[in-house]
Amino acid sequence: MTDPIDENLLVQKVSQDYECPICMSVPHPSHAIEHSQCGKIFCEKCIFVWWEFQHKCVCPYCRGDFTDFQTVKKHSRALYNILMEQKFRCPVSGCSEIISFNEYIKHMKKHNNNLETLPESVSDKWTTVYPEDQSTEEIFEKPFIVKWFNENNPWELLIFPDGLNESNRDDIAVFVGTTNDVRSRAVVSIEIKQGEFYHKKIAKHSFSPQTGRPGFIQFCPKNGINFGRPFLLAFKATTF
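Note that the sequence shown ends on residue 240 in UniProt numbering; no numbers are left out.
Hints should not be assumed to be uniformly reliable.
Said to hold, decoys possible - Lysine-lysine pairs mimicking DSS-like chemistry, simulated, CA-CA at most 27 Å apart:
1) LYS109 - LYS87
2) LYS45 - LYS106
3) LYS106 - LYS87
Hints were generated in silico from the structure; no laboratory data involved.
Required output: the full structure, derived from the provided sequences and hints.
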């Protein structure tokens, strides 16, 4: 958290850094010139009159020259210096050290060095694969298709290019759900085709009047289908 600066101190510091040594007033930033060597701020009018009186471009405070190799700035470093002195709490998690803006870069480099030199700071704690996660990954290694469709849609055709690759499977399950407008029953027409094999089934499913609970409709061609090869599956559902 940034500690607030006293208002009187702020005015005093700005006045000291921004005060023109010639007229002892604070010039407007758009009409101020800073000497790049001593950092003193001058009113444009005051410094131009001084140069004209001296017949050369010198600083009335440090007697340094305003040359082409020095930057004549149209703004002051006063507010910048105040900002550099402002203190705040380090934003890095776990570090509550109070630092200034002037120390910020050095302090953050220290944290970066810790990341490179302390293995515990960068080690990955999630290195263990739990058995339940591994079994879940194995389930999804095989291709599967999830398809959303609405009632009375045209026939939806699903293609399983790689088959199901499970020789011990002998059924297909169709999941039936409802929308916000819960209906009581659903009729699903399912067709499956593989080579010369063709099978069709029309099944019904009743939803719970209270919850509209969805369910699965089993589609079991007992023979003639090889689940290890590609096949076509088409279905259509109507709720009422």
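Going down the list of hints, with the structure as the test:
1. A hinted pair counts as satisfied when its Cα atoms are at most 27 Å apart, and LYS109 with LYS87 qualifies at roughly 18 Å.
2. Note on LYS45 and LYS106: the hinted pairing is violated, with a Cα-Cα distance of about 41 Å set against a maximum of 27 Å.
3. For the given pair, LYS106 sits about 14 Å from LYS87 by alpha-carbon distance, which is consistent with the 27 Å threshold.
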